[in-house]
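Novice: All chains should be built: construct the whole structure from the sequences, respecting the hints.
Number of protein chains: 4
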Amino acid sequence: MGTRLKGVFCPHMVPLHQDGSINEEELRRYLDWLIAQGVHGLYPNGSSGEFLRFTAEERRRIIQIVCDQTAGRVPILAGAAEANVRETVRACETYLEYGATAVAIVSPYYYKLSPESVYAFFREIALNSPIDITLYNIPMFASPIDVPTVARLAEFPRITGIKDSSGDMAHMLRMIHAVRPHREDFSFLCGWEAALVPMLLMGCDGGTNGMSGVIPEFLKTMYEQTVAGNLDDARKMQMRLIEFFDAVVFSADFPEGLRSAVELRGFDMGPSRQPLSDKQVVDRGAMQRVLRCILADYGYTDQPPEGCATRTGNFPNDRVEQITRGVIDELKRRGRME
Amino acid sequence: MGTRLKGVFCPHMVPLHQDGSINEEELRRYLDWLIAQGVHGLYPNGSSGEFLRFTAEERRRIIQIVCDQTAGRVPILAGAAEANVRETVRACETYLEYGATAVAIVSPYYYKLSPESVYAFFREIALNSPIDITLYNIPMFASPIDVPTVARLAEFPRITGIKDSSGDMAHMLRMIHAVRPHREDFSFLCGWEAALVPMLLMGCDGGTNGMSGVIPEFLKTMYEQTVAGNLDDARKMQMRLIEFFDAVVFSADFPEGLRSAVELRGFDMGPSRQPLSDKQVVDRGAMQRVLRCILADYGYTDQPPEGCATRTGNFPNDRVEQITRGVIDELKRRGRME
Amino acid sequence: MGTRLKGVFCPHMVPLHQDGSINEEELRRYLDWLIAQGVHGLYPNGSSGEFLRFTAEERRRIIQIVCDQTAGRVPILAGAAEANVRETVRACETYLEYGATAVAIVSPYYYKLSPESVYAFFREIALNSPIDITLYNIPMFASPIDVPTVARLAEFPRITGIKDSSGDMAHMLRMIHAVRPHREDFSFLCGWEAALVPMLLMGCDGGTNGMSGVIPEFLKTMYEQTVAGNLDDARKMQMRLIEFFDAVVFSADFPEGLRSAVELRGFDMGPSRQPLSDKQVVDRGAMQRVLRCILADYGYTDQPPEGCATRTGNFPNDRVEQITRGVIDELKRRGRME
Amino acid sequence: MGTRLKGVFCPHMVPLHQDGSINEEELRRYLDWLIAQGVHGLYPNGSSGEFLRFTAEERRRIIQIVCDQTAGRVPILAGAAEANVRETVRACETYLEYGATAVAIVSPYYYKLSPESVYAFFREIALNSPIDITLYNIPMFASPIDVPTVARLAEFPRITGIKDSSGDMAHMLRMIHAVRPHREDFSFLCGWEAALVPMLLMGCDGGTNGMSGVIPEFLKTMYEQTVAGNLDDARKMQMRLIEFFDAVVFSADFPEGLRSAVELRGFDMGPSRQPLSDKQVVDRGAMQRVLRCILADYGYTDQPPEGCATRTGNFPNDRVEQITRGVIDELKRRGRME
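For the record, the sequence lines run as chains C, X, U and Y.
Numbering of the first sequence is given in this note's numbering, commencing with residue 43 and proceeding in unit increments.
Numbering of the second sequence is given in this note's numbering, commencing with residue 43 and proceeding in unit increments.
Numbering of the third sequence is given in this note's numbering, commencing with residue 43 and proceeding in unit increments.
Numbering of the fourth sequence is given in this note's numbering, commencing with residue 43 and proceeding in unit increments.
Please note that the accuracy of each hint is not assured.
For identical chains, the list gives no copy identity; a pair is met inside one copy or between any two copies.
As the list claims (entries may be wrong) - DSS-like cross-link-like pairs, simulated, lysine-lysine; straight-line CA separation at most 27 Å: (1) 48 to 262; (2) 278 to 321; (3) 321 to 154; (4) 278 to 48; (5) 48 to 321; (6) 262 to 321; (7) 278 to 154.
Read the hints as simulated data drawn from the structure, not as lab findings.
Specialist: What follows is the structure, encoded as structure tokens:
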């Protein structure tokens, strides 16, 4: 058994050309930036990375590019979920060849499967995969992986960790309590950055966090402050992060806010494969101004030309003010308001 | 505008070889049987047909086989959901060439999209598809399509119907009320056979019902009795169908019960692509004996050699008795009980 | 065993004085009107009647007034849920003395109890009540009563019916299928008027419907058309009712819309015991204009002085137009818009 | 403004006589024990205390007894929710007279109210209460109090804290971030002990925790270790507490497990006001043996005469073993198994 996956893994997005094809050049430039800013690992083909909106061929190509560009600088956790167990095992084989460190496999989705089926699914993969597997629990999108199922699956040496995006603290504690005494090498990664600091304080090894695709330097520092025991600083950063997290996750259908935010850091992400309605195009403009104001607050961007509302430090009010301001600006520009 | 899709469409399963590949010969034999038993149409690549567990290539091959084997005997509603809008439109083009009558496209799944995104998704497809489209609403598995969104989408001539599997009567009435005055040709299909008769009575045009893959003759008769206004007979058949529906849908993770049931009608369905645990293999044996007893009640199979519990006509009790009997038989055979 | 409860029971509201006390005079006037308009029965202390916002003493007084004023003209189904089994049984005793026909008892709420606890709760009451009991299933507000529990409880002669407000057609069919063969006298009442016609067509005996407190003549006719087999008329009335139902139920926190609507029929309902915020007072004005336009459409009220938007018959659009119109009118009056 | 409520408040149960009436003598003995074991405050008429199953008169009597018996030794947070705002305000007045420190008021339940209604409800009470108010958010049982609503309500000086039983870490952080900068005196209490330590680490002031009615000494020590910064000890205690919490909360319908557990500490709690079925009586025996084994592990009770399964430290397995053992013992005693 090896050592646990640790630190902040970035489930990065994939830049596209205007025709919707993968923009390889921009992807490579983005990966270099992420590594330079200090992410501890990369996690291509995650939910933030819209794995589902690519074809099987494209998913393979993405992993190939990431492995090639990373060239061993950081570990790579490659999303390997495919249409069925056989296709998934093939992806595992391929990604090992490409140089991935491990794979992450989401629980079966669409059909809502019982714990017994979830167990059978991962068991079959664990018995056939040539590469270490991180389970991926995201109950808002896929069949939940419950605590007894994690405990049963932790008996397979190939299964070496779990990424949990439930944001449920008690659930995480139950998993750690059930598995860690028997598997020192089993890694617990938190996929809900709104609770990342307390999760780390209670025993998590790291996170796979979409926000690290936008503000990698912030996530890295927050992680380091937490593991160094600087609780006051960590707590403040966590509080601050929630505001940005909420704006990115809840202002538009996930992960559209993330794409907008990454663009603000200077990358050409191209159009979404999920079309936007006219109304959403307007909303996106307003949202992007809000995000830019928050990022300017962090010091990562300039304020938009029209300026930002003065922040009072009062969390929801400030957010409301910013959003209102953004919407009003947009309406003005479109001539619908004086 | 054409005529509405009407009647019972069968979202049939796909028989597999032991190695997991498509058993084309058995599929063709199964399709012939379904048509001979009277299904009004076929609906390959639906949820019952496990579209998600096949690769994109396999999905195309399935439609090709179905179109070829059907040879115009019944209309074909081809499931055409792919990874994104572009891939989906390509499938639409291909399925038109193959000879499909229309396509059915499920709302985006995994990500939970807002009505605005669901609208934008179908709008884009509607503008580019060369073949008529039936929307597919299945809120337990995919992003819901709400009433105002259906009303907006009904403005596109290419969108000619909706298959709704919510089982929600009021929701169906709202949709019919909102759309039918403006689109005489718009078809409303009910995908929840537990409520099929009342849905037909209130204005639905038909159904896409997994049970029609097992007892097509029953579904066909129930539909015909209902549209002929034989309310008493229709009601009795509906009551009876619920029992079978519940056993198939709730006794195992969907659609595993359906596979077991189809086998009882004499088709070699092969192994599921979703692996079964040891416990599930046992459960499957018990469940199949229960299904066989219900089917024997209908007159469609013989009772299992060990016999069935005498039915009292008391619905949940009978079901419990049958299930208990099935489990006990299984335990006996495995030597765990005297 | 007696005869089943049949027809439309009105779960009426209780008019209050400005100081919040019960307006007995107006309540008596309202009850007379409801009976004159043809409701088949009365159902005081239901969810629409805000039973929970009255004290135990007030609930008793309400039943006393209703029994006294009705004087045998229609049957009375008295809501008898109190803090615990003992208090509930006492209410049963008292309501029998007052002259109620039967009581309705909601499943335990707040705590979410298991079927076994729900069974134990009703069993204890059934063994001690001197008056017939209708179970009340309203899963959106209280612990659900599932089909096997209904079947078990139907073994107690004192339990003679169920009022189900789930709106779930398949659930209702399962209950009827499970209970009716053994209990000819067991009554199934549908508490979700958006699906009342199909529920009646499939075997329900009637409904307990808040809308009958506003448009009793409509509900009565719709019921009679349905049981007379005039399916076309019944269907049209059902479609029309949904629009009104949605406006009343979803335009404000239930049952505030109902109070507004009853006032439009000429009754002084007084203030709610649930306070309204300033914003809600404004919203209430707008909503009441919408309701008045719908009621004018039905022919039950005049249009408001400022008129109503011309109806196109296009269901959700009309509703949106009306609501928008109502809001704009309000804003104009408050000087916030030109 | 005063000082924040801090520490562990015990939402204690109320012992009953066999006839269901309040056992005042045992209640006073129980309160003395709780205070002696170190709870920082008492919280009568909470959810654990089954406030809803008492009459209004009984609720008043409970507060009177608690205030009298406590005699100023610890602060008292008195549950004051009644049928409506007026009755609730009257309870506030009465409880101030009795000597309560503050009241806790649960959000409106049964009806699912919107944030605007929740705001209006608490606003009206805040304007009329003569005693400080703690909001009580328990979204699994009552209308949720969302972050903006808490922020709006924190503008009323009478509202001085919130007890949140959601167990949602991110939600708690959002509330603290929104309110604390403006209200230094506002207290955040966590009602979900499965996450108490991390909640305290991130800024909570204490908890209102049913488990403190069973193992007050444990909760007190865990709280003190956490605020003293002994993170390792606190973390271990938290992990250990989860196991007990789960057994108490999920082994039976809440709060029945709590009653069983309190009895094991030597108090005669009497029968529940929620009747038990025959099956539940059996289950209760099995559960109580499990709880006794856990409490024996903690050192708070002896093992049951028949002994406990040897604990391996493997969390869910141990729990399963214990539960299985308990059930088998019970079946043996009842002669159903050899």
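Novice: Return the numbers of the hints above that this structure violates; sort them in rising order.
Specialist: As far as the earlier hints go, 2, 5, 6 and 7 are violated by this structure, in ascending order.
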